[in-house]
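Q: With the hints as constraints, model all of the structure from the sequences given.
Those protein sequence lines, which keep their order, are chains A and B.
Under my numbering, the first residue of the first sequence is numbered 1463, with each subsequent residue one higher.
Under my numbering, the first residue of the second sequence is numbered 2, with each subsequent residue one higher.
Since the hints were made in silico from the structure, they are not lab data.
Straight-line alpha carbon distances no greater than 25 Å define the calculated SDA-like cross-link-like pairs of lysine to any residue that follow:
#1 B:222 to A:1490
#2 A:1647 to A:1636
#3 A:1833 to A:1623
#4 B:421 to B:433
#5 B:92 to A:1658
#6 A:1652 to B:100
#7 A:1671 to B:421
#8 B:222 to A:1813
#9 B:92 to B:147
#10 A:1647 to B:100
#11 B:222 to A:1497
#12 B:157 to A:1477
#13 B:222 to A:1474
#14 A:1647 to A:1736
#15 A:1647 to B:96
#16 B:421 to A:1501
#17 B:104 to B:133
#18 B:92 to A:1587
#19 A:1664 to B:418
#20 A:1494 to B:221
#21 A:1664 to B:414
#22 A:1671 to A:1599
#23 B:104 to A:1598
#24 B:157 to A:1474
#25 A:1664 to B:399
#26 A:1664 to B:96
#27 A:1494 to A:1799
#28 B:150 to B:221
#29 A:1494 to B:220
Far from chain B, some chain A residues (derived; all Cβ distances over 10 Å):
#30 1503
#31 1621
#32 1744
#33 1759
Here a beta-carbon is modelled for each residue, glycine too, at the ideal position from N, C-alpha and C.
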Amino acid sequence: MAEVGAAAEHGDSMWINMGPQHPMTHGLWNLKVRVDGEIVVEALPEIGYLHRGVEKISEVREFHKVIALTDRLCYVSSITWSHAYCLAVEELMGVTDQIPPRARYLRVISNELQRVASHLMWLAAYGPDLGILTGLLWALRDRELFLDLIQAMTGMRMNQNYPRPGGVRNDIPATFERDCTKVVKHFMGKLDEYEDLLGSNKTFHMRTKGVGVISPEEGTEWGVTGPNLRASGVACDLRKLDPYDAYDELSFEQALDKDGDSFARYAVRMEEMRTSCDLVLQALKKLPKGPYRMKAPRRAEGEAYRRTEDSRGEALFYVCGDGSDRPYRVKIRSPIFCTMSAVPTIMRGERVADVISIMGSLDVCVGEMDK
Amino acid sequence: MSDHLIDLYPLCQGLIAFVNDLVGRIMNAVAGGIEGIGIAPPGAGQPLRDQAALMNSPWVIGLIAWLVAIQVMILWGTAINLLVMMWMERKFYSRLQDRVGIKIGLTSMDFLARIPILGGLFTNFVKRPSHLGTGFLQNVADGVKMVQKENLTPAKADAFTFHAAPVLIASSTLLIFAALPFSDGFTIMQSPNPFGILFILAAFSLAPIGILIAGWSSNNKYTLIGGMRSTAMLMSYEIPMILSLIAVVVLMGTLDPFEIVHRQAQPISASISQLSFLGSAGADGAIYFPNWNIFTAFPAFLVFAIAILAEQERIPFDLPEAEAELVEGWLTEYSGMRFGLVFGFKWLRGLAGSGLLVILFLGGWTGPHITLPLPGLSLAFPFQELWFMVKVYLVFMAYVWISWSFPRIRIDQILNIGWKVLIPIALLAIFLSIALRAFGVYQ
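A: Rendered as structure tokens:
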């Protein structure tokens, strides 16, 4: 904090706390911004307000009971997180090859529905960030449809507790394919409406283009992953690079952009929603018959890790077993925690209003960041 | 024939003269009475008679009539139009956002049906769910809530200026209505008012100073940045606004709002008028295209409309209170009714801004009308007040539509727009107006 004192002495810049309770944060964290007039000289993220010790609590629970915790890593993207954990546990137990095909497809469907819901939540938050409240209402309206689908699939709107080591908790209802196709096709049309409201809006371009540029090198060095890095032109989609579940049996293109600014991140996420919808339709078409879960062993020894493409980037679980029915150690690599380390670099020289535009486009989820 | 419904000052004057005359008669009768029945010596009633005479003297009646006229105008602005416009905005943008919006109305107050005397009138209130109203009372409820809340003063704020700023903002906004006419008669400053437009703009420009004071005195970084932004913005939209006004003044040759409106009611020119079917019938029965400034000075209209949008602090330009980055901007530290006052007065500024736009560019309160065949009374329909309010509300709706479909722009971008786009267009508009006058296209 020596720099803070020095800045105060000069008197030509001032610190503004954007957080812990501030409309910009979308959660409980703090961005300290040193501004010279309207220009950001320095930005220091201060995180950890929401640390719940998920990794430590996991050590005293049975393998399958940890899923309730991993669900709560990010409450807008629960299924993807529990899914990543289950994949790691399956690696640890050595049953990865024996997962029933229907379970692998059901995981793809649930993951992609969850991804769309998560991206819609991001869009709903990004609208008011830029002062366009209509975006919030529209995105939440459409997210409701996807929550309904997830509810039909899992029984819950949030914290679904759906993936299991060895498959998924339950099969889908009989009417699911019909409803899902209807919703997804309806939503594809709505995406064009968003394009009218935001993507082709000159004022929206003014606020997002050329703002918060992450170069491919910088992004890779700081550990930025997911849509944020793909917006800089780095093909880093783990569904392609390191396929899991049934992703290698489905055809899709990863969304890429080259500018690396806020608008590119917006465009990549919008494109990913299309891709996800398409993947859901493909998976529904190919969905094989058979069991949806296998009997996984209760005890495991050794260590294993698995990385998946979360809604926000690369989610990695490292699970270590000592032969008992509980993990000896669980380590979580959360994408936003690593992305946050790039924030001081991105922010330098931008304007105060751009802080909102940049942080909004990064899609911060405090739950997974603070674990 | 009277085109307008309300002649504000003569109406108030007549009312006061009637009341004062009545009271004066009673006082005279009392004075005569106490002398007549002998409870007081002769001449004891003289003070009462003097009082009655004073009350009926023209200048006392005039003074009271002015005060009443001002009260009527304030009530018309704040109690009627403010609520109507807030309600319109909230209902309209709710539909834009695919929802229904506020629904608290009279039907929500089902206790009315339980009052024995009123019970018969409101029987169906209890049968209906409370969320089926029109939503008009929601803003009243919000106002009542605001009044009940505590007025907090931040510990290290400059208390005097902190509390003075809302008063400055509110009073300067009300000052606009002293000169803003709603028709030929519904106005406080009556015709002719050769500097009316100048007065309105001067009153309009006072509020940003109040915002700066409010932001600075709150002792909070968010409010300080908000206040400074307000001042920086003022420079960028006020100058193009005045320049575009000059274009209108060159065309019209006057700053009198009444004169400007009357000149816009004239036919645009003989050659063009034959082509058109819109507009009002002239004396010879032909249909004339009205000479609205939006047609003759379109660039000036564009600049003025955008500048008024910024003047209202609506969303593309609501930087001083950008709630995403500055929490609530210069309003952050205000609470209770002080917050309600400065927040609610935004709609009053919206009313004044839309009204000014209508007067300057959209023909004010003129429009086609017929004379109602009433015995002993000649009244036009639609009368002037109706025309004016319809135009004002439509302009306001357009502003609401814009502000709920656009993101907020950045401070450097509004400065760029103001200095590099709006000022050149405004200068162009002035040249066009001068050319129209110089070559005699426009008399």
